[in-house]
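Based on the hints, put chain H in the right spot on chain B.
Each chain is listed here by its residues.
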Amino acid sequence: NAGVMQNPRHLVRRRGQEARLRCSPMKGHSHVYWYRQLPEEGLKFMVYLQKENIIDESGMPKERFSAEFPKEGPSILRIQQVVRGDSAAYFCASSSVQDVNYGYTFGSGTRLTVV
Amino acid sequence: AQRVTQPEKLLSVFKGAPVELKCNYSYSGSPELFWYVQYSRQRLQLLLRHISRESIKGFTADLNKGETSFHLKKPFAQEEDSAMYYCAPLSGSARQLTFGSGTQLTVLP
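Going down the list, the protein sequences come from chains B and H.
Going by the numbering used here, the first sequence opens with residue 1, and the numbers climb by one from there.
Going by the numbering used here, the second sequence opens with residue 1, and the numbers climb by one from there.
Hints are computed from structural coordinates only; laboratory data are not their basis.
If you're wondering where the values come from, they're calculated on a predicted model, not measured in any experiment.
Glycine is no exception: its CB is placed at the ideal position from the N, C-alpha and C atoms.
Here are the simulated BS3-like pairs of lysine-lysine, each with C-alpha atoms no more than 30 Å apart in a straight line:
{"id": "1", "chain 1": "B", "residue 1": "K71", "chain 2": "B", "residue 2": "K27"}
{"id": "2", "chain 1": "B", "residue 1": "K44", "chain 2": "H", "residue 2": "K9"}
{"id": "3", "chain 1": "H", "residue 1": "K9", "chain 2": "B", "residue 2": "K62"}
{"id": "4", "chain 1": "H", "residue 1": "K65", "chain 2": "B", "residue 2": "K44"}
{"id": "5", "chain 1": "H", "residue 1": "K22", "chain 2": "B", "residue 2": "K44"}
{"id": "6", "chain 1": "H", "residue 1": "K57", "chain 2": "B", "residue 2": "K27"}
{"id": "7", "chain 1": "H", "residue 1": "K57", "chain 2": "B", "residue 2": "K44"}
{"id": "8", "chain 1": "B", "residue 1": "K44", "chain 2": "H", "residue 2": "K73"}
Ranges between beta-carbon positions, derived for each pair:
{"id": "9", "chain 1": "B", "residue 1": "K44", "chain 2": "H", "residue 2": "Y39", "range": "17 to 27 Å"}
{"id": "10", "chain 1": "B", "residue 1": "K44", "chain 2": "H", "residue 2": "P7", "range": "15 to 25 Å"}
{"id": "11", "chain 1": "B", "residue 1": "E72", "chain 2": "H", "residue 2": "Q78", "range": "42 to 52 Å"}
Far from chain H by the CB rule (all over 12 Å, computed), these chain B residues:
{"id": "12", "residue": "L11"}
{"id": "13", "residue": "R20"}
{"id": "14", "residue": "S24"}
{"id": "15", "residue": "V83"}
Bound conformation, chain B alone (with noise of 0.2 Å):
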């Protein structure tokens, strides 16, 4: 089991530019949760993903960001025209219906470098 994949660890786009991070959950794990680190800050809930389903999105800016989780392949994190406010790493987390009330498993994060 390679655990909670995401790609790529680090990405770097000029402003205006799209950034689409990926992350795919461990095997057998239908809920994927997104955090953002700004640089010298803690974890911030971004949004709560089940299968094709946006369960919780309280976290997410208004604007430029969305996220899904589709039936087939990775769950993706897509933020528009970013601005360097947005340079921050990003992790994604996994767990199982079963394992909700166990914690989360975490990926490594995309360090996003907006120039």
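Below, chain H without anything else, positioned relative to chain B:
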């Protein structure tokens, strides 16, 4: 509002000294609480969860409902314990983890 507070952003102790990382919560009901650790440039790892009352790497945490606290303790800190520690309750209808702001622990030689 429901929140979790880690009052110390930075904490330094000497090797062999006891360490306590504070966590207070203000959630209604009985949230399930976790401690996560993030070593330098590594992924976040589950350290321990209160429901299992376990001890991992010498760390323990007791849920004190009266004080609404879930402080993380270790009697003798080691240099390899230097890391960022997050207290995180699992609560709400969506059963999501909400992280505190974290405490950066540095264990000095």
